[in-house]
Structures are given as C-alpha cells and as structure tokens.
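As they're listed, the protein sequences go chains A and B. Each residue of the first sequence is one higher than the one before, starting from 0 at the first, in numbering that gives the first Met the number 0. Each residue of the second sequence is one higher than the one before, starting from 0 at the first, in numbering that gives the first Met the number 0.
Derived from the structure by calculation, the hints contain no laboratory data. Given the structure is predicted, the values throughout are model-derived calculations rather than measurements. It is possible that some hints are incorrect.
For the chain B half of the interface with chain A, some residues (derived, Cβ under 8 Å), not all of them [claimed, not checked]:
no., residue
1, Gly25
2, Ser27
3, Thr97
4, Ser98
5, His144
6, Ala182
7, Gln183
8, His204
9, Glu256
Simulated crosslink set (EDC-like; lysine to aspartate or glutamate; CA at most 16 Å straight-line) [claimed, not checked]:
no., chain 1, residue 1, chain 2, residue 2
10, A, Lys24, A, Glu157
11, A, Lys248, B, Asp214
12, A, Lys258, B, Asp214
13, A, Lys248, B, Glu253
14, A, Lys47, A, Glu70
Glycine is no exception: its CB is placed at the ideal position from the N, C-alpha and C atoms.
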Amino acid sequence: MLEVVNLKKYFDVPAVNDVSFVIHKGETHGLVGESGCGKTTTGRTIIKLYEPDAGKIIFADQDITHLTPEEMLPFRKRMQMIFQDPYSSLNPRMTAGDIIKEPMIIHKFPKDEIDDRVNNLLKLVGLNSEQAGRYPHEFSGGQRQRIGIARALAVEPELIICDEPISALDVSIQAQIVNMLEDLQHELGLTYLFIAHDLSMVRHISSRIAVMYLGKIVELAKSDELYSRPLHPYTVSLLSSVPIPDPDKSTQRKLITLKGEIPNASNIPSGCNFHTRCPKAKPECAKVDVSLQDKGNNHFCACPFV
Amino acid sequence: MTEILSVQDLHTSFYTSMGEVKAVDGISFTLNKGEVLGIVGESGSGKSASMLSIMGLAGRSGRVKAGKIIFNNQELNAENVRNLRGKNISMIFQDPMTSLNPVLTIGYQLREVLRRHKWQGDIRARVNEMLELVGIVPRLKNYPHEFSGGQRQRIMIASSIICNPELLIADEPTTALDVTVQAQILSLLRGLREKFGMSLILITHDLGVIAGEADKVIVMYGGRIMEEGTTREIFYSTAHPYTKGLLRSVPNPENPEARLIPIEGQPPNLLNPPKGCPFVKRCPQAMKICLEHKPETFTLSQTHKFSCWLGVKNDA
Numbered sequence: 000m001l002e003v004v005n006l007k008k009y010f011d012v013p014a015v016n017d018v019s020f021v022i023h024k025g026e027t028h029g030l031v032g033e034s035g036c037g038k039t040t041t042g043r044t045i046i047k048l049y050e051p052d053a054g055k056i057i058f059a060d061q062d063i064t065h066l067t068p069e070e071m072l073p074f075r076k077r078m079q080m081i082f083q084d085p086y087s088s089l090n091p092r093m094t095a096g097d098i099i100k101e102p103m104i105i106h107k108f109p110k111d112e113i114d115d116r117v118n119n120l121l122k123l124v125g126l127n128s129e130q131a132g133r134y135p136h137e138f139s140g141g142q143r144q145r146i147g148i149a150r151a152l153a154v155e156p157e158l159i160i161c162d163e164p165i166s167a168l169d170v171s172i173q174a175q176i177v178n179m180l181e182d183l184q185h186e187l188g189l190t191y192l193f194i195a196h197d198l199s200m201v202r203h204i205s206s207r208i209a210v211m212y213l214g215k216i217v218e219l220a221k222s223d224e225l226y227s228r229p230l231h232p233y234t235v236s237l238l239s240s241v242p243i244p245d246p247d248k249s250t251q252r253k254l255i256t257l258k259g260e261i262p263n264a265s266n267i268p269s270g271c272n273f274h275t276r277c278p279k280a281k282p283e284c285a286k287v288d289v290s291l292q293d294k295g296n297n298h299f300c301a302c303p304f305v
Numbered sequence: 000m001t002e003i004l005s006v007q008d009l010h011t012s013f014y015t016s017m018g019e020v021k022a023v024d025g026i027s028f029t030l031n032k033g034e035v036l037g038i039v040g041e042s043g044s045g046k047s048a049s050m051l052s053i054m055g056l057a058g059r060s061g062r063v064k065a066g067k068i069i070f071n072n073q074e075l076n077a078e079n080v081r082n083l084r085g086k087n088i089s090m091i092f093q094d095p096m097t098s099l100n101p102v103l104t105i106g107y108q109l110r111e112v113l114r115r116h117k118w119q120g121d122i123r124a125r126v127n128e129m130l131e132l133v134g135i136v137p138r139l140k141n142y143p144h145e146f147s148g149g150q151r152q153r154i155m156i157a158s159s160i161i162c163n164p165e166l167l168i169a170d171e172p173t174t175a176l177d178v179t180v181q182a183q184i185l186s187l188l189r190g191l192r193e194k195f196g197m198s199l200i201l202i203t204h205d206l207g208v209i210a211g212e213a214d215k216v217i218v219m220y221g222g223r224i225m226e227e228g229t230t231r232e233i234f235y236s237t238a239h240p241y242t243k244g245l246l247r248s249v250p251n252p253e254n255p256e257a258r259l260i261p262i263e264g265q266p267p268n269l270l271n272p273p274k275g276c277p278f279v280k281r282c283p284q285a286m287k288i289c290l291e292h293k294p295e296t297f298t299l300s301q302t303h304k305f306s307c308w309l310g311v312k313n314d315a
C-alpha cells in the first residue's frame, strides 16, 4: 500500500533522517518514540503536508514524492489524517456537518449525495444526525475526535494516518475510540499508520511497529516479537519504562532507567545517535553503521552489537 | 501510624457565568505519615479541585462551601494555610512549561520560596543542594525556557521540596512527559520519600503509575469518591462498576490483542449533575434507585470502601 524509502526531512536540523518502511494493505503499522523523535514529521511528510528533502514515497505503486499540489489532489482523497488534538483540529466556526462536508466538496462528490453521506458518517462514528448542526464547543473531547474521524472517512480513503488520535482523551474514552477505529478497519478495509507514544495501546492495535529515536528507525518488528524480544537497547529501556497496571507485576519488573536527556537535534551524536545514553555503549559506537539489519524472523534492528 | 492529613466532607464549588459547578461534592479521606495516596479520575472528576481546596488555591471563582481540612492536628483556613503552603505542604503541577515564571531566573524562583518562609541558613547553599538532589547542574542564572520539559519538572520538584515539606501533592507530575523521563521523575520522588519520610498524594489518570507507586487509592468520579482501598484491594478485589470499567479500558498486558471494553457514554455535565449517582448514565449495572438517590458508602474491609447501591447486597 505504502512504501517509504530513505525519507529525509530537515527543518534546519534533521527531523526525519533516512526512514524506510512498508505498510501492507489492511494492516495497522505502529510508529512509536518520544517527543521530538520525528514520528509526527514522518506522518506529515508521507501525506505531503511537508515536502520531503530526499527519499521516495510510493503510494499504491505510484511515486508521489515530487507531485505538485494539483497532481496530489487525487491521492489526498485516498490518504487522510486524524490529528492529535480534537480541540484545535476542528474549525470552531463551522458546524460538525460542515466540517464533515468540506472534504467532499473539495473532492467534488455529487451534491445531492453529500447530505445523506454526512448523516451516514455521523452514525458510523457513533453520533446522531441531529448533531450535525452543532459547533465543536458543544461536544466533549471524545465526540470531537469522532467528528475528526468522520471527516477523514468522508472521502473514502484507503490509508489513514492517525497521529496520536487518543492521547488527549480520558482513559475510558480512549478505549471507545480505539475499538471504533478497529471496527471501521474491518468494515471498510482501511490501512492505518498509527503514531503514538502510549506503548501499550500501540501494541494492542498494531500488527507491526517501528521504534524511532532522533529521526531514525532503530527497530522494526511484528508487535508480539518486539514486545517479547526487544533487541535494541533503546527499545529495551523504553519498554521497561511503561508502567504496568498491575501492582504485583509492577514490583517485579526490572526498570532500565536511561541517563540524561534526548540530545538536541542540532547536535546529533555521530555513529549510533543513541550511544551517549546507551547502557551498553562501547567506544566504537561513535562510528558504527546503523542501517537496519534483519536479525531473523523479519525483526530489524539498527544496533550491530545485538 | 500518625495521621498527617484528614479531609472531612469537603465541598468545593466554582461559580461560572453558567451557574454553580459542584466540583467536589462531599469527599473524606485520611493520610498517614510516609504514605502514598493515589487519586485516579477523569478530567472533571474533582481530583485537582479537591487538592487546590486543601492548598487554599481554589481561586476567585472557587469556594470551599463546607468541610474540614485538618493537617497535623490543626484545622486549615485561608489565613494559616499561607504560612504552611510551600513549607509544610507543597504542590507540583502538571504542566512544567507553564508552572515556572518565564521572566525570572530559576535561581530567583528557588530563593523566593526560602525567603518567604524565612529559611534559617545559607540560602545559596540550600538552592544548590536541592538542584543537585534532583539531578540538575545548578545553572542559577538561566531562565525556564533554557531547560527541557523533564528538567523543568525537576526544578519544580526542587522548589516544592526545598523547605522539607511533610506532605507533597503531585498533580499529574508526569503526564506531560515521555515514558523514559516519567520513569526518572517517579524514581526521584520515590528516593525523596525514602530519604525524608515525606507523605505523597499522587494524582494521575495512569493506572500503571498508581499500581507501581501508591499504597492506597481513591477513585473519583463526578466530584465524589467512588471507591477507596489499598492498591491491592483496588486492583484485585475491585468493587465499583466504574473502577472495573477503568481497568477494562486499558490493554491487558497478558493478552494485549484482546478487544478493549470501554465505558460507554460521556462524563456527566457538572452544571447539571444527575440527581442520584454521578455514574448512573454510563453504569452497566445501574438500577432504579441509582437515578434518584446518591449511593451510601459500604465497607468491605477496614481499608476498602465503595459508594454504590450494589453494596446493599453485600451487606445482607
């Protein structure tokens, strides 16, 4: 469905640095990492909200890397995005109905169908058609996220980039939205790129997961494989930091706390960019090649020493 | 064990242009010296409002309408809390980006606390000592924007414990931080507790953080306490349908792919709260009585209580 090859995006400093991965039709591909690791920039560059600086984006066997905005329009219909913040991603002066209608007008859906479609979309995301005339401030956070999802679904996309779709929501509402995304995927055959920092939710929803650190993918594997057998020292410490909602297990686990802070992107360490914080760092880590290697079972890891 | 804090039937309301919001609707609890109390609840459940009431920080639109707050055998009021705040009781806020004053150096902000509470000793040495304790190189002349989010939260912690408080209230101290930084901050708080015997109230919506850190837990919803007990009681002998719902909403670490069971519906509107139990509209086990009457509190063990009409059966 989507292939990203050696993608690079710079904002004066490298934000996405040589990222490659493939998403198959109908799967959910997770992308995790901490603030500033480049996961959101990756998502936004794929959908060409940002122009890539190098590399290729191949969507449904067509290279879309260098398309102009006009040429991009038909592809935009096929790939949509759901944003993190349900408060700032909806125009407060438009009604829910108009928000959902807008992409259909842009993509020239037959006018007589649009109103019916809005009603169906509202039902699809668990709202009712009477709510079409209300403004975003009249909805709760979870309901607003449903409107954002209805807007993304309006043009019948094949790929949806979900950028932290649940991190602004309360725990009880997060589960509602995750279940809805899973149901919609089955019903409509959607493919997701699921970007998040909540590692337990990413594991729940994704079939494969890529872990990013400072603009690079450090590890990529099937979800079960990644969580049961993490290889990269960064993934190991990241997973050990996730709190476990079970008092007994949480006292038994071994926490691997990282020292220090993520280095500034304007001053990225040479070689393996994690070597300054890595608990297993060796002198040669400052100049090793960190391209992803298959360690067996389609489990890719950037650390040459594991 | 010595009791350090006792809150009795606290009611706090905020007065808005749309009417009175009963943010805290009659909560009571006690905390012993050295204990960690976790408070869980969603946005608007009243967890932060109850803590601001204790600190005397409910603001101009907020008012503590009824109830007693007793700290170290002394009843708190608007006057005496000013001298305890920052010294005996301290608070860390959720957002490290906005809780420090951006136009003052961090050295100034730390010294300010000591001066306000007339610190008897070398102020400069104390500031350096505290920053080292939380793992920050004392760059006293730097401004908050020159530090990262995790560093700012450490500076906040340093300023809140600089007068050796007996009680620290941490309101979502790690929510704005990444998991690896969260782990660093939680282990820092653990170390401080062990070293100084400080009591801690930890407010969070993350059940994982509660499981790892708290001795006992209060679950709040719609301004009321739904369930309270030791951490083991809350996780392993869960009584309240809301607590059960919360625990089922997060992926099970044993079976991560199993479908989640969300709590349906939306949180209540506190401007127009339900007459009976605040959870009634979302509760899978709601009965007729729940619509009309606020539930009584039922006791399951010395430490475990829950507020739900289902408790009637347990008593019979």
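request  = Assess, step by step, whether the Cα of Lys47(A) is no farther than 16 Å from the Cα of Glu70(A), and give holds or violated.
outcome  = holds (12 Å)
message = Does Ser98(B) hold up as a contact with chain A if the rule is Cβ-Cβ below 8 Å?
response = violated (18 Å)
message = Does the closest beta carbon of chain A sit nearer than 8 Å to the beta carbon of Thr97(B)?
response = violated (16 Å)
query = Given the hinted pair Lys258(A) and Asp214(B), is their alpha-carbon gap at most 16 Å?
reply = violated (27 Å)
Hint check, His144(B) versus chain A [nearest Cβ-Cβ separation less than 8 Å] = violated (14 Å)
ask   = Hint check: is the beta carbon of Gly25(B) less than 8 Å from a beta carbon of chain A?
value = Not OK, violated: Gly25(B) not within 8 Å of chain A, min 23 Å.
key: Straight-line alpha-carbon gap Lys24(A) to Glu157(A), limit 16 Å   = holds (8 Å)
query = Within 16 Å, alpha carbon to alpha carbon, are Lys248(A) and Asp214(B)?
reply = Given that 16 Å is the threshold and the Cα spacing comes to 15 Å, the pair holds.
task = Answer holds if the nearest beta-carbon of chain A is closer than 8 Å to that of Ala182(B); otherwise answer violated.
result = Where the cut-off is 8 Å and the nearest Cβ of chain A is about 4 Å from Ala182(B), the hint holds.
ask   = Does the nearest C-beta of chain A fall within a distance shorter than 8 Å of the C-beta of Gln183(B)?
value = For Gln183(B), the interface hint holds, since the closest Cβ of chain A sits about 6 Å away, which is under 8 Å.
task = Double-check Ser27(B) for me: the hint is only fine if its C-beta lies closer than 8 Å to a C-beta in chain A.
result = violated (24 Å)
request  = Starting from Lys248(A), check that the Cα of Glu253(B) is at most 16 Å away, please.
outcome  = holds (11 Å)
Hints 1, 2, 3, 4, 5, 12 from the list above are not met by this structure, while the remaining hints are.
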